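Given the coordinates of chain F, assemble chains P, B and L onto it according to the supplied hints.
Number of protein chains: 4
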Amino acid sequence: MSYKTSEKNQYLDIVNIRALERQFQNSMKKENHSAEADFILGGAGGEETLRANTDDFRNFKIIPSVMHGLFDGLANTSTSFLGQKLTLPIIVSPSAAHGLVHENAEQETIRGVAESGSIMTVSHFSNQLISSIHDSSPETPWLYHYDEDSDPGMNRFLLDTAVRNKAKAIVIGVFGASFGRRERDLTNKFDFPSDLPFQQLSAYTDYPKGLDILSVNNRKHSDITTDRIKVIKKYSKLPVIIKGVQNGTDAVRAIEAGADAVWISNTGGRQLDGTRSTIDALPEISRAVNKRVPIIFDSGVRNGQHVFKALALGANLVALGRPILYGLHMGGSKGVESVMRHMQGELENTMLLSGVKNLEELHKYARVERKH
Amino acid sequence: MSYKTSEKNQYLDIVNIRALERQFQNSMKKENHSAEADFILGGAGGEETLRANTDDFRNFKIIPSVMHGLFDGLANTSTSFLGQKLTLPIIVSPSAAHGLVHENAEQETIRGVAESGSIMTVSHFSNQLISSIHDSSPETPWLYHYDEDSDPGMNRFLLDTAVRNKAKAIVIGVFGASFGRRERDLTNKFDFPSDLPFQQLSAYTDYPKGLDILSVNNRKHSDITTDRIKVIKKYSKLPVIIKGVQNGTDAVRAIEAGADAVWISNTGGRQLDGTRSTIDALPEISRAVNKRVPIIFDSGVRNGQHVFKALALGANLVALGRPILYGLHMGGSKGVESVMRHMQGELENTMLLSGVKNLEELHKYARVERKH
Amino acid sequence: MSYKTSEKNQYLDIVNIRALERQFQNSMKKENHSAEADFILGGAGGEETLRANTDDFRNFKIIPSVMHGLFDGLANTSTSFLGQKLTLPIIVSPSAAHGLVHENAEQETIRGVAESGSIMTVSHFSNQLISSIHDSSPETPWLYHYDEDSDPGMNRFLLDTAVRNKAKAIVIGVFGASFGRRERDLTNKFDFPSDLPFQQLSAYTDYPKGLDILSVNNRKHSDITTDRIKVIKKYSKLPVIIKGVQNGTDAVRAIEAGADAVWISNTGGRQLDGTRSTIDALPEISRAVNKRVPIIFDSGVRNGQHVFKALALGANLVALGRPILYGLHMGGSKGVESVMRHMQGELENTMLLSGVKNLEELHKYARVERKH
Amino acid sequence: MSYKTSEKNQYLDIVNIRALERQFQNSMKKENHSAEADFILGGAGGEETLRANTDDFRNFKIIPSVMHGLFDGLANTSTSFLGQKLTLPIIVSPSAAHGLVHENAEQETIRGVAESGSIMTVSHFSNQLISSIHDSSPETPWLYHYDEDSDPGMNRFLLDTAVRNKAKAIVIGVFGASFGRRERDLTNKFDFPSDLPFQQLSAYTDYPKGLDILSVNNRKHSDITTDRIKVIKKYSKLPVIIKGVQNGTDAVRAIEAGADAVWISNTGGRQLDGTRSTIDALPEISRAVNKRVPIIFDSGVRNGQHVFKALALGANLVALGRPILYGLHMGGSKGVESVMRHMQGELENTMLLSGVKNLEELHKYARVERKH
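Chains as they are written, first to last, in my numbering: chain F, 2 to 373; chain P, 2 to 373; chain B, 2 to 373; chain L, 2 to 373.
Take these hints with a grain of salt, some might be off.
Same chains, same names: a pair is fine if it fits in one copy or spans any two.
Calculated lysine-lysine pairs in the DSBU-like style (CA-CA distance at most 35 Å, straight line) [to be verified]:
hint: 1; residue 1: Lys235; residue 2: Lys86
hint: 2; residue 1: Lys169; residue 2: Lys234
hint: 3; residue 1: Lys372; residue 2: Lys9
hint: 4; residue 1: Lys190; residue 2: Lys372
Since the hints were derived computationally from the structure, they do not count as laboratory data.
Note that this is a predicted model, so its numbers are computed, not measured.
Chain F with its partners taken away, still in its complex shape (with noise of 0.2 Å):
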């Protein structure tokens, strides 16, 4: 007997992503499936940090200022990120086993990213191989998450693959040495189907059996050091990206051992509670990085609102993590799709009422400012 979820492959009229959280949420309990549904919603501890993160967009007010004459059409939300073109600022942040909630996982996922003109980011505990994933979309671009393992020839594995099927760069994740503690899986005692393997991790042949999710998680190599990040650079020859960054002490580590990009986020609120939202997080960082590399934004982004905050305080990317799984539940590649446009749409919106029409305009004279 084995998995089974979602096959839907539609668009999506969103009002909202909170009313497609809703839905989201209902059917994955009509599917018996709420544990698993609870694993994507929930956040670490008390969850403080996993509301935080959406609820603290709210002290950060746009004031809009339209009598500069700039307007002569449309909105134009186009950017480009790494040598890439995206026709908005807006990419996917991994997510594990996206077979929970749909069953072409990754495969449908990456196929909405490409339609949306969007770049696709293939987690660690991905359930398909990294060739499925890259085949069944291949011009479309996109990162590796890449966790390291206790053991360095899944590492060479794991980073080879990546590189064979055309990662445009390493994500390298510093989220500490420890695994979040989601109380609503302990309440649930949730662990992976035993039938939906992590395949990549799974395709390398001295990789155990039956691990189940902390075994797995107690793998990885918590030691991210500055070091390792020049190794891991060298060895693929790819840019790396290191995602997790909190403050900007790391984000000058970061930057002076040669990342690419540096990655605002808390996991969701997945990982610590207690942080601070990654909001709150971004003016200290921006002023770190100082535009030496492009800032990548997630956790808690909801709407257009959020994503036009969070360029006007120094991101340059933000990117999607649950939102994205609602859409690929709810709809499949089309659903993906969906979202993206349903934020792309909320972002022009901001964009054209706040009186600015392109990103670069966006990041000039867009005013966001802390309510006081």
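Frame of chain F; chains P, B and L shown alone:
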């Protein structure tokens, strides 16, 4: 079959506007017009700005000072604006389609305004001809809220009509180059009733028939530059008022372009969610304007204390949008008058209890401070 | 048929004033006096100031300091005011119409005050003659709360009566030139029961019969200037206390006009909504008064910690309004005494746990700070 | 008939302390011991300080910094105090009457402490003899919480007993000269069960029988001056720890009087409501102590993030009160051990995810900041 709604004409016993809002909502629901009520009540996005507009008044505290020996009778709320005498510093904001809430639409509203000794603002999206509205109460001063159309002929037609019908000023909206994303309307799939046309717009020969709200809106020319302001002022030979100002820079731009007044507004939270409340924006704009032109203030005003606070912080007039529609629906012109009298009464009460007896003293002595 | 209410005379076992308030409300409801209870419980407008009066105490934190070796027995709350010895720094605020809650009205209240070793304030709107109240407990010190009438004869009559009945001071209210807009009363269409007259006012020969609350109030002369204060002081040859001070400037004006004490009050949020709480106003006023005259503080005080905080921030006496009426209703004079004893007990407890054993030490050593 | 409660001895699967608290409350209710549960759960007054103790931790944010290359294994929470090795920086606060929640009372608690590698504090109000508690786990370090009685013979008796039974230090409470007014207990008319005596107190020949809680408490000598501290230290020849410090001045006084450690506590909000939370008090006290003596911190700690924050802000040890009683009730000594292991696990997790691997690094590198 045509759209049916209230034909009431009665004075209202108003305890507060919140209670009146509930009565309005219930009555519209009984008439099967909940979607229309939502169109009126709702705001953009998650309605954060809609709520903040009213809630943020709480952060500003009135500090009464009553021992200066100023009193010698009742409070006097009279003032003047563009040469017009007003019995109170409260006027009517432009709002679309008064026909949604009363059979006699804008004609009924303006008669209530007349009785209140106030000023009417006629929206671009009125359900009646400008001439009919004006004829309904020829002595009542009114402002024309002008949205620029993409067809220059239409623009001339509208301005000519306004001038011919003795508009006292042209109100030019500068709300950015798009239309608010109102989630209630998207959920309700709201559109204006087809048998409730925007008569003034439809009177223009070349105006396409059967446009829905978004199409109509998309005809709007979004780039209201300072040059356009000068052109409109020169063409109409009327004072111009720039409405939608949300920061000091735009206020200065407006004045430099010849604005005869600056109207602070975020359209009642209907355009862009995530912006600051107008009461939070007022001090910055008031400093920038520095008494060079009068300031009109709207969005979120629901009682006499709110009016008092806005005036004390630098506004010269306060405008009401939704509350006027509640009054119109529940009591026709007498309902509109009741809302105005209620607000005036609360303002007088606030003035007397704060230690000022007229608006000159209010602007000079009233102490309103942000809670630290 | 005449107004009927409590005839109780019993000691109360008070856990806290909130619980007593609920008992009061339930008992009044049982007697079919909910509108009268609302008159007592309610405040002006949206009751923001009513709530802030009590809630804002939370922002001020007591910082106990207990290692100075001061103790040698129990706490002592005794103090003096205008030459009167008090066993506690808590007195009775003026409130209208005690007959609403107890058959014996103000005569019952003053007997409870007598047992508590405190001071009574008799309202302008008492249900009994000043002489009856005074005769009911001839040794109890009392203050007369004087509202100026538009008829000078009435004013002389009231002051003469107060002097003849040995009032210790004249309390002059400076609450602005109007009357609070209390929405509960407007909703209930509340007026005082016709068979529960304001006897002292009615005793004046020329006083019109059958006036309702607003009419009575409108007889008040609103312009309490510093000159009038001097006149009243000279005429009565009694100390004068200025009640209703809400800022430092008015406090200074009062002192310069000869005030023997300054009484900080916003009438329990019953006059103007949207003003700051009295505890938020206290530090400014305390600095302005600079110990030149005693400060009485009221509005929102509901427990011993509140009293302690007000005293530590500069008040000399704290006055209670509504809680006295709750005690009067539930237990007559013994109920009033129970409320006083309860508050005194909580104050003693707070003093002992904060490290001060008498009010002198409290004013010198107690540390209360606004939460940053 | 004697008081009956839990005889459990089992390990607990703890998701979080809030859930454990609910289990405790439900279990006590089933045993008909809701008043006893309220005695344990409740706080003084309106319980503002009780709530703030836990809630205020939210205002302090952990800012992880993980790229310094420190890691090389697991986290290590071991530390030492007064020459004792501890496997974790968490000890047991004194709390009265463990017999209320477990048949074996303090004897059971100390066995759980032994297994945890921690330190026990025995309350003045223990249900068992000090010698019985000590004999139950002779190798476990314990502190004696000494309250000074009005009878000097009793004081010598208690100190002699503590010394003879190898207490590692005398904890002297400085909570002010009274007893918290706990409204739940007043409502419940709570008193200790008569068949659950304070055995150590009762063992003193001259101790009066049948005293209720307030009477017992009133025997306490309130004036703990710096002189008394010197006397107790000299008499017992043991280190002394001053518990109940809430500000920098008292901390300095304690050190100058010879304190070997300062214990920050507001007794879990059980003494005086309206004081600041201990986490809000910690920075001031930490500056005043300036590392001269160790700081113990308690009140409101409910998870590993809280422990981490307190340590990062200057505490050396954190003490747990109520959670220990929950564990004791639900699982006896194994339940106590489960609570300790749970807290240790959360602390380790927080350390690893914050970028520090032992307490030395935590005190040096951890960044915790008040949210601005």
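Hints violated by the structure (listed by number, smallest first): 3
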